[in-house]
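Undergrad: Order-wise, the sequence lines are chains A and B.
In terms of the numbering used here, the first sequence opens at residue 1 and continues consecutively.
In terms of the numbering used here, the second sequence opens at residue 1 and continues consecutively.
It is worth saying that the hints were derived from the structure and are not from the lab.
Take the hints with a grain of salt, since some may be wrong.
Going by beta-carbon spacing under 10 Å, a handful of chain B positions derived as facing chain A [what the hints assert, rightly or not]:
hint: 1; residue: Gly40
hint: 2; residue: Tyr50
hint: 3; residue: Gly55
hint: 4; residue: Asp57
hint: 5; residue: Ile63
hint: 6; residue: Pro64
hint: 7; residue: Pro65
hint: 8; residue: Ala67
hint: 9; residue: His101
hint: 10; residue: His108
hint: 11; residue: Val122
Since we're looking at a predicted model, the values are computed, not measured.
We treat Cβ as the ideally placed atom computed from N, Cα and C, and that holds for glycine.
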Amino acid sequence: MDDLMIEALTLVLLTLLAVTGLAIARLRNLFAAAMLTGLFSLLSASVFMALDAVDVAFTEASVGAGITTVLMLGALALTRGREKTVTKMRTAQALLVTGVTGAALVYATLDMPHFGQPDTPVHTHPVRAHYLEASEKEIHIPNAVTSVLASYRGYDTLGEVTVIFTAGIGVFVLLGTARRRRR
Amino acid sequence: MTEHTILRVVAKLTIPFILLFALYVQFHGEYGPGGGFQAGVIFAAGIILYTLIFGLDEARRVIPPWAVRALISGGVLIYAGTGVACMLLGGDFLDYNVLAHKPAHGQHLGIILVELGVGVTVTGGMIGIFFVFAGRGRRREGTVE
């Protein structure tokens with residue numbers, strides 16, 4: 001019963017995701033499109049939630065629906081609020097590129113194991129058992145996600161923090177209001 | 001947006017709770033969902049809400065540009081510094097076991113420090129990027145420098 005509920009919920013959410021995606025593609029008003037991308041992120045977060053990936057859902061909701069929407073609106077304030085009209089020829093080219101890319105992505109998903117399949121490397125690799133069982137003994141914290149993120153895979157997370165640092169510095173250098181010397 | 005009384009009042013009421021929730025997510029990451037990344041983003045969202053309501057100049061007085069730069073680089077320094085501290089105490093880089101008398105306590109301390117570093121850098125990065133975006137639009141509208 002419970003599984004059926006989750007299944008139905010996921011189906012509804014995925015349908016709403018597809019509808020939102022189509023609506024974004026059809027909109028010419030970029031302000032509305034930016035708001036709908038926020039909605040898209042919130043729906044994705046709900047899908048992650050239904051798949052029991054709470055940490056990922058949390059990140060998607062705060063970054064995707066929150067910060068990204070604000071930054072999109074900030075970018076719109078710098079440019080213009082309506083999409084430029086393009087010729088039919090260009091639309092056809094764009095549609096072709098999108099179609100080919102989409103088909104390639106769908107083709108790639110055919111190789112993926114089915115959801116919840118028990119004999120995939122995620123479930124059979126010895127390191128998984130170690131992380132889930134020994135994390136309680138070695139690190140004494142209940143959230144295995146945190147122990148993997150901050151301790152077992154501490155190097156990766158240091159790299160991610162450096163990426164954020166670099167991104168911030170890059171934006172400051174490109175758009176920053178720091179005093180510039182006149183030539 | 002300074003003339004919108006309702007927005008100002010509601011923002012003043014909610015911003016402290018947003019910031020408090022960010023701190024909760026930051027320091028409760030070992031027990032529930034969340035951690036430095038999410039906490040940093042939520043904290044930055046609180047500051048961004050303040051900026052949207054009260055204006056960029058007010059917000060820049062709360063968090064001046066040098067503070068943003070200190071946050072964004074300070075977090076990486078906290079993270080890497082924790083790793084170096086582990087090395088100085090005789091362990092490997094980011095091997096938290098040596099940080100305290102018992103390995104489990106060392107792991108706790110190490111994870112808290114590392115997550116703090118993540119949160120600080122993310123907060124600084126998000127606030128900084130938003131300030132730069134907001135400041136640029138205003139400069140273009142204003143007089144030529």
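Undergrad: Tell me if His108 of chain B is really an interface residue toward chain A, meaning its C-beta lies closer than 10 Å to one of theirs.
TA: Because about 7 Å separates His108 of chain B from the closest Cβ in chain A, which is inside the 10 Å limit, the hint holds.
Undergrad: Given a cut of 10 Å on the nearest C-beta pair, is the interface hint for Gly40 of chain B held or broken against chain A?
TA: 9 Å, holds
Undergrad: Any CB of chain A closer than 10 Å to the CB of Tyr50 of chain B?
TA: For Tyr50 of chain B, the interface hint is violated, since the closest Cβ of chain A sits about 12 Å away, which is over 10 Å.
Undergrad: Minimum Cβ distance from Ala67 of chain B to chain A below 10 Å?
TA: 13 Å, violated
Undergrad: The hint names Val122 of chain B as touching chain A; please verify it with the least Cβ-Cβ distance against 10 Å.
TA: 6 Å, holds
Undergrad: Given Asp57 of chain B as an interface hint, is its Cβ closer than 10 Å to any Cβ of chain A?
TA: With a closest approach of 12 Å, the Asp57 of chain B hint is violated.
Undergrad: Double-check Pro64 of chain B for me: the hint is only fine if its C-beta lies closer than 10 Å to a C-beta in chain A.
TA: With Cβ-Cβ at 12 Å, over 10 Å, it is violated.
Undergrad: Tell me if Ile63 of chain B is really an interface residue toward chain A, meaning its C-beta lies closer than 10 Å to one of theirs.
TA: Constraint on Ile63 of chain B not satisfied, violated at 14 Å.
Undergrad: Holds or violated: the hint that His101 of chain B contacts chain A, with Cβ atoms closer than 10 Å.
TA: Nearest chain A Cβ about 14 Å off; hint violated.
Undergrad: Does the nearest C-beta of chain A fall within a distance shorter than 10 Å of the C-beta of Pro65 of chain B?
TA: Pro65 of chain B check passes; min Cβ-Cβ to chain A is 8 Å, inside 10 Å.
Undergrad: Hint validation: Gly55 of chain B versus chain A, beta carbon distance must be below 10 Å. Holds or violated?
TA: 14 Å, violated
The earlier numbered hints that this structure contradicts are 2, 3, 4, 5, 6, 8, 9.
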